[in-house]
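Asks: As you go down the protein sequences, you meet chains A and B in turn. Just so you know, we're using our numbering here: the first sequence kicks off at 1 and counts up by one. Just so you know, we're using our numbering here: the second sequence kicks off at 554 and counts up by one.
A couple of the hints might just be wrong.
[What the hints assert, rightly or not] Covered stretches of chain A, as calculated for chain B (at least 3 residues, CB under 8 Å):
id	stretch
1	72-79
2	93-107
3	530-542
These aren't lab readings, by the way, just hints derived from the structure by calculation. A virtual CB, placed ideally from N, CA and C, is assigned to each residue, including glycine.
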Amino acid sequence: MSDGPLIVQSDKTLLLEVDHPDAKACRMAIAPFAELERSPEHVHTYRLTPLGLWNARAAGHDAESVVDSLIKFSRYPVPNALLVDVAETMDRYGRLQLVNDPANGLVLRGLDKIVLVEVAKSKKLAGMLGARLDDETIVVHPSERGRLKQALLKLGWPAEDLAGYVDGEAHEISLAENGWTLRSYQQEAVDGFWAGGSGVVVLPCGAGKTLVGAAAMATAKATTLILVTNTVAGRQWKRELIARTSLTEEEIGEYSGERKEIRPVTIATYQVLTSRRGGAFTHLDLFGARDWGLVVYDEVHLLPAPIFRFTADLQARRRLGLTATLVREDGREGDVFSLIGPKRYDAPWKDIEAQGWIAPAECVEVRVTLTEAERMTYAVTDAEERYKAAATARTKLPVVKALVDKHPDEQVLVIGGFLDQLHTLGEYLDAPIVEGSTTNKERERLFDAFRAGSLKTLVLSKVGNFSIDLPEAAVAIQVSGTFGSRQEEAQRLGRVLRPKADGRQAHFYTVVSRDTIDTEYAAHRQRFLAEQGYAYTIVDADDVLGPPLPQID
Amino acid sequence: MFSEPDASPGHFNIVPRRLALNTMATTFADQLRSLTDEALGALVQLRPDLVVPVPADISALAVRAQSRGSVARCLDGLDEFTLRILDAARLTRSADTALTSVDAILELAGGTSADDVRVAIDRLRVRFLLHGPPEAMAVVGAVDEVTSPYPAGLGRPADFLDPRAAALCADKAKLRRTVLAAPAGARAVLDRLAAGPPIGALTRDTVAEPVRWLVEQHILVPISEAGRAPNADGELVELPREVGMLLRREAGPLGELRPFPPLPEGSARDPKAVDSAGAGQTMEAVRSAEALLEALATEAAPVLRAGGLGVRELRRLARAAGLDEVAAALLIEITYTAGLLGETDATGTSRSVTVSRAGGAADEIFLPTGAFDLWRALSIAQRWHTLARAWLSMSRQPSLVGARDERDRPINALAPEAERAGAPQARREALLVLADLEAGTAPAVDEVLELLAWQAPRRARGREGAHRDALSGAALLGVTALGALTSYARLLLEDPDDDENDPLGVRATASAAPHDAVRILDALLPAPVEHVLLQADLSVVVPGPPEPELAGELDVIAEPESAGGASVFRVTPASVRRALDVGYTAADLHSLFRRRSRTPVPQTLTYMIDDAARRHGGLRAGSAGSYLRSDDEALVAEVLADKRLAPLGLRQIAPTVLVSPLPVARLLTQLRDGGFAPVAEDAGGAAVLSRPKVRRAPTRTTLAGRPAEQAGPPVLAGPRLAGVVEQLRRGDIATRAARRAPVTVRAANGQSVTGLTSVQRHGEAMAVLQQAVRDKARVWVGYVDSHGATLSRLVRPVSLSAGYLRAEDERTETLHTFALHRITAAVTDEE
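With these hints in hand, go ahead and build the complete structure from the sequences.
Replies: Set out below in structure tokens:
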């Protein structure tokens, strides 16, 4: 029996023992077809999904090689049924092809006539297919390309898309690598994306996703539409692009609530694209405003549903999705895969941390014991209000203060989800607050002050969930959140992961109320990061408050 | 169209007219008698059913060897080539003597190697399907009755069918010219009929035109299917033998002959890879079977009234075990056969496992048996061995589950409809095909079926389903992997005896070999581990099959997440609470994780256990008969201190609450007697006021007025009495009539005859009747009429088919029809 690092489970998960000498080789072998699901400290979990196997087929791996690597690295005999299933699944890919026919435009071609007949009969494809040219060819309207691919995927007969991409309007863009170079994983991510044509790159917060976008643009050398979550993030993109590429301020346009500029590189917010007037989306023309060669979706895990629909029409253009956590609380990861593209690159957070590209972080959960009065209030609160009652308990205030005081020399972010709590905290800590209603101007001012170091502590509302670049922040304290959102937790940790100049550690504190629903939500929130290998430590508030007990008035 | 003058009603067979047939039978018996002991022994060895039970003498053996049942069984075991040679023997019989010769057969077999043909002829002769000297061999009569009326797919001779066709066939040159002149459509019809069977029905208009042409040319002869109502689809046409042989010019008159089995080519796999994939599959099968029974133990499934396990229940179990329904049905059937699963009363008393599946009584449920617990304690290889052996011997066809029966009702798992007596043999046949190939050869399923069809065409017909079922089951159990037989499964099958030696499938029982199978499989399977890997996300990974003790611990303290080569569990607050509930303390859990884990115990886990332990038992529950509460703590204390109230067994559970095991009425009475002033409360807390009720016994029905029952049996009158009398008279007549019949018949009819009491075996009676039909001899038939009376008659049997004997009574000159199952005895008339 071989002594490989891999254990194949009957539910098609693969367990990889990371401390095994062959672990690295094994990861290289299985990465093309298996998806990394969890990467805690000792055993990483990969999963074999039909999608992953088909992507591997698309990338030129055949069933034989997949089966071979499974058998080669497996510690135990691999069940026959699983091997057969892998081969059968991979065999389904490419029986249908989407190709550009010189005479008839986009057509669906069946290498297997029976499959073509089967899918043509399906009700799910009603209206997407046009005239039947011959036994193995059916015309497809170009606008249905995305929807057809999505529907075929659901039917289990994924089409191989050979119709290619339009190059778009050429525009010279190159990276200005003065004093810095693209990191190896960023280069790998760009290469993976370019080879696949379209897809999603998953990198931890602070690992330089913007640069991956910039490098992709430099490879495409074409006009680019960048979709971001909000105006501040858009400006950060602009700053970064000007600094790191040959693009000048005049070449980059901002398309937001405030300005409507369309330039060779245009940065638009999701918000403005999904805003409606009289029930109609008024800014959709942007997609057709230029012959875009590349569309970049920042924070693709937050992509709003209407954008999905528009994206279906953009299948002939190259699409790049960027995210730190491909965990969507609405469970629509599948739509991201089929419309923007499959995951093209993924790296465990801890690997990038080990390479020094993100700061090592210590995650601590501080459990606060509620006072008798607070416990009584919590006990009689209605179910819907319970989380708020537990999360906004006043007992948390001195603990937050103690934590801030513990790091006198650091830049501290206090992040919460309930505005009244944040205001109380702002007064208690004597720190300014950035919330949804804060004007962009005021935000910029506060962020600049924070970056400069003149402001040590900043209280953030949910705006802290989005990409704001505050490289100096080394301590984050979260006091409340959006229930059990794993993705929010990851984003918040991301705020402090920018590598520090002296390589010092970042601290991420979560203050929760003991014996309440707050604890349960915290456990759920931590799941994603724990699966990424972040070991949480749980401490009691008394340990934090320590000997110099602060007085509560 | 014209009718067929020569075709005798009832059958198409053209059995050449024989010489005195009675002497023929004697000849057969004499031939047997003249055999050496070795040769006779060889015959018995090849046809073991001849001596079950041992016949009284050689004559009886001869009758049995010529009986339809035995001949059919013997033919079932023969390969395609030998059967074709038997067809050749039938075709080459001379019209006068009904005899054939080796030379005639060799001539007909044409291009095939003479040695191969001779070997086949010898095979037929040692089995006494052909008998007599090589230059004058006879085919046993029953062969014509149990095989196709068209030997080698050729029609009857033209002169037998139609004089005009005969005239055409007589002129070879004209025949050839006519056939060559046939239009394309007609030629296609001819080719199809020439390949056999040579009979076609005139149905569709599209083929009608070419067929009409052929009929007009007398190449095809219309026949009416004798003995049946005219076919609604139209007439039947037959291709005369001569034309058929002409059309088969290229392949030879017998069609394509394959003296050697069509060996599957198959792709070659690395035997090691096969074993490895198979071993993985065995783990999977064992784990799935366990998961299924585990799911059944958690929630038992009811036995359907018609027997079996309902579709919905099967689906539920399959989902719980993560299987598809086909696999679940197979494993359920196997575990049942292996005795790991059984029925029991819903109330608790278990029923013997061996009782048939048919007809579940009300309120019965399926549950794992006690054997399941023993089985679980075995090693994986041994567990698999139990399942695989049960599967091999299982007379069930699991692929039928989910299909529909002839009444279009779905067949359920464990239901009697999926019972197939031939299944074990079909399974063995299919696996032996694989076993005969070189290790690692993976033939396609169709190739295996093709070979099986060659090996025993008569048996394989209609068994494709069973063979496919066997192959898919083998893959699921890990008996085969990557399409090839695994080395350990080969040992499971291995048996020194020759396969043909076992037509009854008795040999399915195991020999000593399986121990080797277990040993080899054991070496392929991972060794059990006793440690785990703990991670920060609270997952527990067991990097291999867990030791039973470890598995038991993890079952309690963690939730399973994924199983297979390794197992992944997750510790949750709920699972820790469950562990605390069954008696683990926090310290126990800490030490258990420390002891079992190869990696440091995450701080989060330690914290969670302590936290759960702290909260465990924060609420207390119990039962009491009644409670006593008061806002006045002093009053409560006073009640508790009152010695007179000691019998109430009051216990203080809070400063203001006391509980008592007694009902609330006793409590109230005693308290009032003690001088307190309690008020009762209802469930909502409101005061209940009651006044005492007068007691009465429960109401019951009156005893008076029931009439006394009459004693003794009822008095008969009217038609019933007349019926009884008539029955008596009829019995009397029957007895008198039967007195003349031979003793065997009388004995069978229940009349006591000295020295002969046993009923004649049904099979023997059939053999006598079959022989009598051939010999046109008179027999005494004893039978039971529709009123239940026993009679006997001297008749001359005409035909024996479809469950009925038709025979003529020479004295009354009438044709009688006897239902075969009513016939109690048959004896040849010796006068």
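Asks: Given as covered by chain B, does the stretch 72-79 of chain A meet the bar of three residues or more with CB within less than 8 Å?
Replies: That given contact holds, which follows from 6 residues of the stretch 72-79 of chain A lying within Cβ reach (below 8 Å) of chain B.
Asks: For the stretch 530-542 of chain A, do at least 3 residues have a Cβ located nearer than 8 Å to some Cβ of chain B?
Replies: This one holds; 8 residues, not fewer than the three required, reach chain B with a Cβ under 8 Å.
Asks: Holds or violated: the stretch 93-107 of chain A covered by chain B, criterion of 3 or more residues with Cβ-Cβ distance under 8 Å?
Replies: With 0 residues in contact (Cβ-Cβ under 8 Å with chain B), the coverage given for the stretch 93-107 of chain A is violated.
Hint violations for this structure: number 2 only, all remaining hints satisfied.
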